[in-house]
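Residue numbers (this note's numbering), protein chains in the order written: chain E, 1 to 254; chain U, 1 to 284.
Simulated from the structure, these hints should not be mistaken for lab results.
Check the hints yourself; a few may be wrong.
Partial list, computed: chain E residues near chain U (C-beta under 8 Å) [said to hold, decoys possible]:
1. L4
2. L52
3. Y108
4. A127
None of the values given here were measured: they were computed from a predicted structure.
Virtual Cβ for every residue (Gly too), placed ideally from N, Cα, C.
As a plain string of letters, each chain reads:
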Amino acid sequence: MSALDTLQGDFQSYVLGVAGAQPAILGAVREQYGLKADARLAIYYNAYRSRLREALSESYDKTWSYIGDDMFAGLADGYIAAHPSRHPNLRWFGADFAAHAEEALADYPFIAELAGFEWTLGLAFDAPDAQAVGAADLAGIAPEAWGDLVFGLHPSVHLLALEWNAVALWQALGQGQTPPDVERFEAPVTWLVWRTAEQPHFRSLPAAEAEALRRIGSGASFAEVCLAAGDEAAPQLAGYLQQWLAQGVLTAPR
Amino acid sequence: MPTPLTQPSPGFGLGLRTSHYHEILAAPPAGTGIDWFEILSENYMVGGGKPLVMLDRIRRDYPMVMHGVSLSIGTPDGPSDDYLRELKKLMDRVQPLWVSDHLCWTGTHGTNMHDLFPLPYTEEAVAAVVRNVRRVQDFLGRPILLENVSSYLSFEADTLQEWDFVAAVAEQSDSLILLDVNNVYVSSVNHGFDPQAYLRALPARRVQQIHLAGHSTQAGCIIDTHDQPVADPVWALYADALRLFGPVATMIERDDNIPPLAQLSAELQHARALAASVLMERAA
């Protein structure tokens, strides 16, 4: 190992807070006028944590508002200690924060759901661009050809199943209102999150619509989606399709 | 006088920040007092959506330069291929005047610490950086600029002064310099060196761009916080830099406590006026 490599390894271990890492790096830092070497090192140690806390606060600002400064700081510090960043872009640092919250705050699963919803909105915001397909694009397709169409989901589309009223919490917090009491649904509700006109949108889905979109997402043809839904669901499905085409949820069939 | 290796200065710019998008688009480009924008490369290394829409829209009206924070040019293994591919992809989209990052390291063994850590000023570190810069420049097909960072500590292992380290890297790797005047000032206070000696040691023909920014004073140290207007001693040092290096593309960085665009533009006009008077004096 080169001297440079050793120095960087020691420095990084110290900043990450690895137990027993301080003496090695302290011996490599020069004592200078004005501020002791350990205080100079501490500037980097503290800046690391405050930068990552700030990144999490930005990605999860509603979760932060909901649980308050102290609880959020505790959750963030636990996450920072367990998940050093592996990505060049700070944008992705918080990717596992909802999963962390689910484990760390197991008694409050709605907090993890709120965090997961926030992250999903962020994913929709800067997901890859793609041309959405509209009703006009399909006008020329013969009725008998419809069954073979395999639509795609727009890259910004996410289907998020939530057991709690996390979205209502998010909405109240966004409007500066007192969030409602938490409430668990009888069955999980699937939310469609997607981007249109450069902004993330979301709406809750009837179970049949959620199921149809999931099938489209896994590559089913339109005939397969109809078959799975059953004959009696056909008119409903036509209504869903109209909405998807109007809202930019699908990409062109192949 | 040695031939300059730099492009002519495009004038005076600002860092592009999301909170200014609407003000930028609402004004005719000739009316903002801003000649060009510097983007933070990583902010636009995303799939799509509004960030890239705004980038393309503003790029139509303004020249841009790209400034990264995650190259980690001072880590022995050097930048990852994935990162370089992303950087190149963005470069092809933006067609920037130039591409820069920092003379530092940001993490090792696959971890990104998202900070600009100081390097030991040793021949070994010069060699490692030079090797990495050559690889990056070959990959991108153009010279890169490296910015001097502010630092709060120095290493026992140092055998060079920081300014000699900066100059050695630039000369040996045939790269260019992004001179952060605020960082020179901050480090001169934190380490007790003469900032004039720093400037005089730099190869003038390699100074392509200047950064100005504000800092905060804390107990025993000055921190490079980018959350304040440019401080008076930094303006004075900027004037000294222009006397040495002539007209150099200059921009103001503001990353926190961000005021409205008009206020930052007014600060930029101060840089413009100061540069005009210094350069007139220099020509006389």
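Consistency of the hints with the structure:
no. : hint : in the structure
1   : L4   : holds, 5 Å
2   : L52  : holds, 7 Å
3   : Y108 : violated, 29 Å
4   : A127 : holds, 5 Å
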